[in-house]
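There are 2 protein chains.
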Amino acid sequence: MLKVNEYFEGNAKSISFQTATLPATVGVISPGEYEFGTTKKETMTVVSGALTVLLPGMDTWMTYAAGESFEIAGQASFKAKSDIDTAYLCTYE
Amino acid sequence: MLKVNEYFEGNAKSISFQTATLPATVGVISPGEYEFGTTKKETMTVVSGALTVLLPGMDTWMTYAAGESFEIAGQASFKAKSDIDTAYLCTYE
Numbered sequence: 001m002l003k004v005n006e007y008f009e010g011n012a013k014s015i016s017f018q019t020a021t022l023p024a025t026v027g028v029i030s031p032g033e034y035e036f037g038t039t040k041k042e043t044m045t046v047v048s049g050a051l052t053v054l055l056p057g058m059d060t061w062m063t064y065a066a067g068e069s070f071e072i073a074g075q076a077s078f079k080a081k082s083d084i085d086t087a088y089l090c091t092y093e
Numbered sequence: 001m002l003k004v005n006e007y008f009e010g011n012a013k014s015i016s017f018q019t020a021t022l023p024a025t026v027g028v029i030s031p032g033e034y035e036f037g038t039t040k041k042e043t044m045t046v047v048s049g050a051l052t053v054l055l056p057g058m059d060t061w062m063t064y065a066a067g068e069s070f071e072i073a074g075q076a077s078f079k080a081k082s083d084i085d086t087a088y089l090c091t092y093e
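In order, the protein sequences belong to chains A and B.
Its first residue numbered 1, the first sequence is counted upward by one per residue in the working numbering.
Its first residue numbered 1, the second sequence is counted upward by one per residue in the working numbering.
For reference, chain A alone in the conformation it holds in the complex (with noise of 0.2 Å):
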């Protein structure tokens, strides 16, 4: 059964699923800015919209377009902000 998971009062949601090497969540994420934290190493790839984020350690924020992934190593936490509703593929290592 595909496991859905909600956060920011369900500003981002996700579906969990196994992809053929790695578990994974699709998901969308609304407008507005969130600080999200990480268990595993995560790589994220924007699917649609995009994603401006500071990244652990960084102080410069990025924005990644559709197609473009980023890394977050585990046991970290980051902002991400976006001015629409933006899809993306997460996979954890």
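Treat the hints as calculated values from the structure; they're not laboratory data.
Incorrect hints may appear among the rest.
What the hints assert, rightly or not - With a Cα cut of at most 25 Å, we get these calculated BS3-like pairs of lysine-lysine:
1) A:Lys-3 to B:Lys-81
2) A:Lys-81 to A:Lys-41
3) A:Lys-79 to B:Lys-3
4) A:Lys-3 to B:Lys-79
5) A:Lys-79 to A:Lys-41
6) B:Lys-40 to B:Lys-3
7) A:Lys-3 to B:Lys-3
Unchecked claim - Covered stretches of chain B (in silico footprint by chain A; criterion: 3 or more residues with CB under 8 Å from a CB of chain A, positions within the stretch not fixed):
8) 6-18
9) 55-65
10) 80-87
Beta carbons are placed, not taken as given, at the ideal position from N, Cα and C, and that holds for glycine.
With the hints as your guide, set chain B onto chain A.
Then chain B, alone, in the frame of chain A:
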């Protein structure tokens, strides 16, 4: 509020959102074979996994891997099957 949709007794789930130009969903289809119906014209892009589809009026199944897209006319039905969890982006025109 992001809306979650459920099909085929929970074997397919999606999240509705709005791209810059079109209504859209991201979703996951569990392994199996399903028949989907369309209302509007759909453009479906595989995001993870692979989907083998029998499009309306075709007699050959075609397989689409991650990054590949196909279109389905509105008011049509098509069959889709997958051996692994498959994530997709769908836009509606």
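If you check each hint against the structure, which ones fail? 9
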